[in-house]
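Undergrad: Here is what each chain is made of, one letter per residue.
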Amino acid sequence: MPTLNAPLKAEFISQDESIYHGPVVPRKSDQAIPANMAVWILIGAELTEFALFFVIYLVVRSHNPEIFSQGPERLNLLAGTLNTLALITSSYFVARAISAIKMNKPKQTVKWLGASLLMGASYLGIKTWEYFWNAQAGLDSRTDLFYTLYYYLTFNHLLHVMMGMCTLAWVMVRAHYNAYNKDDYQGLESAACYWHMIDLAWIIIFPLLYVLR
Amino acid sequence: MNNKSLTGYWLVLISLTLLSAIFADAIAPTTWVTVVVCASIMVKGQVIVDVFMGLRDAPKGIRYMMLSYFYVLPPMVALALVFPGTVESITTL
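Chains B and Z, in that order, give the protein sequences. Each residue of the first sequence is one higher than the one before, starting from 19 at the first, in this note's numbering. Each residue of the second sequence is one higher than the one before, starting from 471 at the first, in this note's numbering.
Honestly, the hints are just simulated from the structure, not real lab data. All C-beta atoms, glycine included, are put in the ideal place defined by N, C-alpha and C. Hints are supplied without guarantee of correctness; some may be wrong.
Cut-off 30 angstroms, straight-line C-alpha distance, at most; resulting in silico cross-link-like pairs (DSS-like, lysine-lysine) [unchecked claim]: (1) Z:K530 / B:K145; (2) Z:K474 / B:K129; (3) B:K125 / Z:K474; (4) B:K145 / B:K129; (5) B:K200 / B:K125; (6) Z:K474 / B:K200; (7) B:K145 / B:K200; (8) Z:K474 / B:K120; (9) B:K123 / B:K200; (10) Z:K530 / B:K200; (11) Z:K530 / B:K120; (12) B:K120 / B:K200; (13) Z:K530 / Z:K474.
Computed footprint of chain Z on chain B; a stretch qualifies when at least three of its residues, placed anywhere within it, have a C-beta under 8 angstroms from a C-beta of chain Z [unchecked claim]: (14) 76–90; (15) 93–105; (16) 151–160; (17) 194–204; (18) 215–227.
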């Protein structure tokens, strides 16, 4: 009776004609998670927070239909649209930064991250202009329920953008000093995923506040 | 995902945003506008999750968690806007 020691096992396997000799394809369970699990928990928590705000907005809106149908008409649609374009473009630049580091091009990564930060700064500038524009039109957080929620949602999102920009600036400095390469860029990918999450929240906020009346 | 594809998807996102802005500015609010705008949110969310975040080939759990956000919230927004009376009656104490 043969024992299951290593040489016998190898012989046994080599005689099996059904054995697979093709390229090794990773199983789904072996696929790596982009960034790391901690970032995904953070992203899940942040998106849940925004989802709760959206539900509150819809409930309050259903109880105050007139206020909420007039609210978007008084907002600065140009500012909202420009901010959406700025955030989508910054997300694209971050995706290009990840693409560059996968090709082992840290200098290009730094360039794309810098461009993304520039888009983030544009967002801050446009949002500041929008808030001043509102103030000149006599609109503030106490105007009515729509504006209370508008300021709460957009200012909360603005804080996330500022935090995301600090994270992007940090990974840009690290990329400048060659902290990342094609085999090790988890920190960069974590910052990128967080930034995309900020974009994801905005692509719901924009139509909810500015478009849908 | 190559850079040309990334640029193509970015242009899709830009186009959908401009389409929403045109709807807001030039077209009277109707049920169809609401449905189209919410559908565009779903498409944008899917593109960002799958392409920009790179979750298309990621483990299913994380990908589905992210995608479910955009499969649940935009339809919920559309329903709440089309049937505000129902939401009001459900949420009245």
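Undergrad: Need the list of violated hint numbers for this structure, in ascending order.
TA: 1, 7, 16, 17
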